[in-house]
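Protein chains: 2
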Amino acid sequence: MKPAAPALRIRRVGIDTWRENVAFLHRNCPVVRAAGFQAMAKVTVRTDGRTIAAVLNVVDDDCIVGPLELGLSEEAFDRLGVAAGSDAFVEHAEPPASISALHRKIAGERLSREDLAAIIRDVAGARYSKIELAALVVATNQFELDRDEVLHLTEAMVAVGQRIDWRHDVLGAPVVDKHCIGGIPGNRTSMLVVPIVTAHGMLCPKTSSRAITSPAGTADTMEVLAEVELPLPRLQEIVRQTRGCLAWGGTADLSPADDILIAVERPLAIDSSGQMVASILSKKIAAGSTHLVLDIPIGPSAKVRSMPDAQRLKRLFEYVARRLSLHLDVVITDGRQPIGRGIGPLLEAHDVMQVLTNHPDAPQDLRQKSLHLAGRVIEFDPAVRGGDGWRIARDILDSGRALAQMNAIIDAQGRRSAPAGGLADPAPLSFEIAAPEDGLVVGIDNLRLARIARLAGAPQVKDAGVWLARKLGEPVRAGALLYRVHARHEADLGFARRLALQDSGYRLGVAADLPPDCTGNGVAP
Amino acid sequence: MKPAAPALRIRRVGIDTWRENVAFLHRNCPVVRAAGFQAMAKVTVRTDGRTIAAVLNVVDDDCIVGPLELGLSEEAFDRLGVAAGSDAFVEHAEPPASISALHRKIAGERLSREDLAAIIRDVAGARYSKIELAALVVATNQFELDRDEVLHLTEAMVAVGQRIDWRHDVLGAPVVDKHCIGGIPGNRTSMLVVPIVTAHGMLCPKTSSRAITSPAGTADTMEVLAEVELPLPRLQEIVRQTRGCLAWGGTADLSPADDILIAVERPLAIDSSGQMVASILSKKIAAGSTHLVLDIPIGPSAKVRSMPDAQRLKRLFEYVARRLSLHLDVVITDGRQPIGRGIGPLLEAHDVMQVLTNHPDAPQDLRQKSLHLAGRVIEFDPAVRGGDGWRIARDILDSGRALAQMNAIIDAQGRRSAPAGGLADPAPLSFEIAAPEDGLVVGIDNLRLARIARLAGAPQVKDAGVWLARKLGEPVRAGALLYRVHARHEADLGFARRLALQDSGYRLGVAADLPPDCTGNGVAP
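Residue numbers (the numbering used here), protein chains in the order written: chain A, 1 to 525; chain B, 1001 to 1525.
Hints should not be assumed to be uniformly reliable.
[To be verified] Quick list of the computed label-pair ranges, beta carbon to beta carbon:
hint : chain 1 : residue 1 : chain 2 : residue 2 : range
1    : B       : 1028      : A       : 84        : 21 to 29 Å
2    : A       : 503       : B       : 1050      : 52 to 60 Å
3    : A       : 325       : B       : 1027      : 40 to 48 Å
Don't read these hints as lab results, they were simulated from the structure. Predicted model only: the values in this text are computed from it and were never measured. Don't be surprised by glycine CBs; every beta carbon is placed ideally from N, CA and C.
Next comes chain A alone, as it looks inside the complex (with noise of 0.2 Å):
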């Protein structure tokens, strides 16, 4: 079909929209009069064989674009990918092609593998406006999803990324993964798990996110040590190298489309069952694992409240892996409060190196779970016993195996310099929360202590966060300390200070109060 509308010259205008794509043209572009366009309107932008979706911006100012020029945001410049002063045509975008499925599941219906298949194309191709990826978001959130639909949108998500073959590395032997569905503040056993179980000998291409609506996720305070953001081909390198990564899984580009979803999921604080089962298993599968250990927390502030939901999910999870081919472990803890001492990058990195070192200080609860959760990823090993993972993982943590083994790997992503001796010292701002009165720790609320830690500044404030002076079930004087906020704002200080004063997240009482530990293997407070 010929071109409604004249060509225009493509200009990179030096703004930075992030994952939307803008297109800048002028109010007097000949294209804007003719097809009535409007600000916020859908365009394709069509190039010599390449084609991009974007949103309308209509320009005032001949210095951004001129009556003939198309401007392109920067990320939709790169992503068309030719080069300014080329032509190309705008025209009104046609509705992306999964648009109706989209609607029907808006309507409440059941959507088909082929209908899921063509949404996630359509998201993972910037196809979809932040309009429709939250209405996507709370649409599957609201209806949920069967598990059959969770099955297919899982596969969607792996086929429009890339996949990594692990095949020719391990001949035949497991490719390894641990994940927690996340929710409890400073729970960063991963960073020393991959330690533990690749020093066993075992692969482990260990991707995470960043945080989504907590303080700080493993990839945030891996950061504090290393650098995250790896291309695809220097992680494969790394992990060939040493075993094993603790990356951010944003960079290796493994599940397009749910980096797209879950930057809308945030500002919306949705997290729900089929979306969390489809994102976790996608990338876990994109990232070549073939077993994996997942633990779900359990706890009255986690996301997870009680066991028949702990129960439900696990079979939801159960259902999906094994119709991928993924050996799944699925370990129900304790999550009633959160785990080790530090919440923020660096209070967390902290938690983490102390473990490592054997260090007097450590915190137990953190060594006790990272041993428990690496002794069931060890047990994915043929040649070990049932019940022997627990005391492997101990050998190797206690002997310092584990710790030359994170140095390996902090050296081969790029050791981030710091103080002479070990960690900076936390965020030199800080205000403390003490007892009221005397008695037992009976409740730490996970969600008022990340909300206070995020309003400190973390994740972005690196040093910023909250340290954990006492835990569960111990005794208290009134004035005596319960926790200490760092921040690097007066600002970010006030705002935190004002919640913490408000309600400091901990209760105070007396042994009966203490909330039972139902999962039978969660670590005594």
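Following the hints, position chain B against chain A.
Just chain B, lined up with the frame of chain A:
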């Protein structure tokens, strides 16, 4: 609290981002570096006593903003309302106060009157991002609002807008209006009801929307004849002079929250009953109406497809209207096919003018339906006996008084120049769809015909659209013209033709195939 960051100089950036406030900061701006801002972060811009929320775009080009400047998109600059060069502070936005209520709605909870008031205040104050707006629209669509939630949503929408008071003008007489829930192409009865009832002496300050998902709204069609973007004081003046108007509601700022929500509902094709009731009734109340006739069409391709659904929607409208002291008369009408012959602003204006001038070719269905609705409005007049309304309306139309009144309203709003002797011709490019066989027209798909007219360019291209040669129940011979499509651009014509050839939207059959008119008061085909 002391601002956390240095002052920046405000600069107006000539970019139209429509309803979304965008703040442009240079990547080397100290605020960006110190606060760890990323593109698309939500920020608060604070200046001497004024505050707006905005989305951040990071800029790499000194020509757009320098490192010590704060650029604002055109609407953001106008909304902040201070001079270029003024000092401003930028901080991470605290989430809007109502965001926890939004999260509870996403989770399926019922919202209180205060929750809904807070949400609508934040929406009207432009404190919701597009993502949050889309989440709100989808969540309230999926977890059907209960009738008290709809009532509170309506109240909240009225509270944030302007409200017109006609009490000194009518001295106790009703202020009337007529509205259709939409979905039927060509259904321009308002442009006949307003002249008729104002000729009867009633006050009818009619404000209409532009097309949301249809090929023309009343405002788009009226705009062929007259100006419709009237500031509120001008609108009041016109109504005092002629007793009526046919204006676009958006300019009058009567329901600013609704205008923002509609911008999100449109691309998602969402039109839930709760949002529909709140949107329609809030605008009527804001416009100062005391009595409303509401048209709910039913048909196989109308918004409402069965009598039970129509009754349910009617009861919801009646519940909310009664509590807001609005007199409501709901009329359920025949929505089995488009009304009149034209679809698209100019073609629909042709139909209206033929009825007003009593032209022998005037579409009888448009005439009869308009008389029916106008009669119901006239019966709000306490001096008119029940059952007399239709005859009074017909006398006004047949005598030419409705035409004279329409001309008075057009002149008052500002007549658009037109060729001597009437309206312009439809757009010059066209194609025709002919009957593939002999038969009776037994189905005309409203949605299909609307899509064809939109692809042809309506409503942006005023003279594009569809002209129906045959209506339900008419016999045709193979090869006879069913409808003609008009477009201004070759590409538009091509899109429309492709869709029409896939499925014309017409079904031919025998008399027994005709869907029944289940309203009992529709116009016989």
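Checking each numbered hint in turn, tell me which of them this model violates, lowest number first. Of the numbered hints given earlier, the structure breaks just one, which is hint 2.
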